[in-house]
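Enquirer: Take the sequences, apply the hints, and build the full model.
Number 27 in our numbering belongs to position 27 of the sequence shown; there are no gaps in the numbering.
These are calculated hints, taken from the structure and not from any lab test. Note that beta-carbon positions come from the ideal geometry of N, C-alpha and C, so glycine has one too. Any given hint might turn out to be false.
Stated by the list, open to error - Cβ pair distances, simulated, as ranges: (1) R7 - L250: 42 to 50 Å; (2) E311 - G235: 22 to 30 Å; (3) R174 - L140: 35 to 43 Å; (4) A167 - E307: 42 to 50 Å; (5) K188 - L250: 54 to 62 Å.
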Amino acid sequence: MNNTGVRDMIFKNRLHLITGKGGVGKSVISIALSLLLRKTGKRVLFVQMSPVEESRAEQKDVFVKIKNKLPEMDYIYIEPGSALEEYGLMILKFKRLYKMVFEDRWVKSSIRAMPSLSFLLLIGKLWYYCTLKKKSSNFLYDYVVVDAPSTGMAISMFNLPHIINDAAPSGPLRDRAIDIENMLKNKKMTSVHIVTTCEETPVNEAIELYNTISKKLSMQFGIFFVNSYNSPDRGDEEYILASKDKIPELLFNCIMKRIEENRFKDIEYQRLVTNIPDIDRRFITIPPFYDIFQTDRLIREIMICMERGIERQSI
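Expert: See the structure below:
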């Protein structure tokens, strides 16, 4: 398995986009990666984004509730409403004119009917923060980590600048789309990481997402973060079976059920690995933490697993 470049994927690229199927732990993986990069002493911006305004509270709460227990990191939540207001004010200059145009009921309903506009607003605002510079001309943020939308929405968002470049006439919209596409396809700046669990549907989406990112979109694939996975220990299974008579039946059945679950997860993990070309087989596995209930502690443990995974693959 070729793991060349795992460290570079993490520490040399400035922009990390993290996506995957909804419900696989994408947000906690994103926060853990931000925490790992913060350990370098550099300035990190953690970004959460959603094209759907209603999902804000659920997604944002994960970070907001624990941010005081983590090292200081800058944080923004990007959603269409605030991004549209900033975009509108940049164009119209005055708050009064913005309200007249963008707060009109018909305009609002028209905007909601155009999902592609939401994607453009999100990715455009991200580009703005990625290109912010200090007076010294260095970038304001050394790293930008993005908890991006889930699979389908992420693909649409990443592909939109290319569509605009092909279809839009010359002008400010196309110029900005070119800037955004250059940022996304800059393999020395941007990596797209995929989070998955070892279940059939998440693995299917992870494989499809990898193929789309690396082949159709020509973006730099980074790392698979495989969440809640432990490689089965055949020795443990043999020991349990040999000790069956010494273990209460209920406990034995519970243990065997867990072993069987791990076996199925391993089958899906091996399927994922075999569907990825050798050159891009970069995997960091995160075991399940059944005994940890505090989110901040869980994220720190995930960060440690990431760190160890990078070290193992960099030897």
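Enquirer: Decide, hint by hint, whether the structure agrees.
Expert: Verification of the supplied hints:
1. R7 - L250: 42 to 50 Å: Between R7 and L250, where Cβ atoms are some 46 Å apart, the hint holds.
2. E311 - G235: 22 to 30 Å: Given about 25 Å between the Cβ atoms, the range holds.
3. R174 - L140: 35 to 43 Å: 26 Å, violated
4. A167 - E307: 42 to 50 Å: At roughly 44 Å between Cβ atoms, E307 and A167 fall inside 42 to 50 Å, so the hint holds.
5. K188 - L250: 54 to 62 Å: 56 Å, holds
Hint 3 from the list above is the single one not met by this structure.
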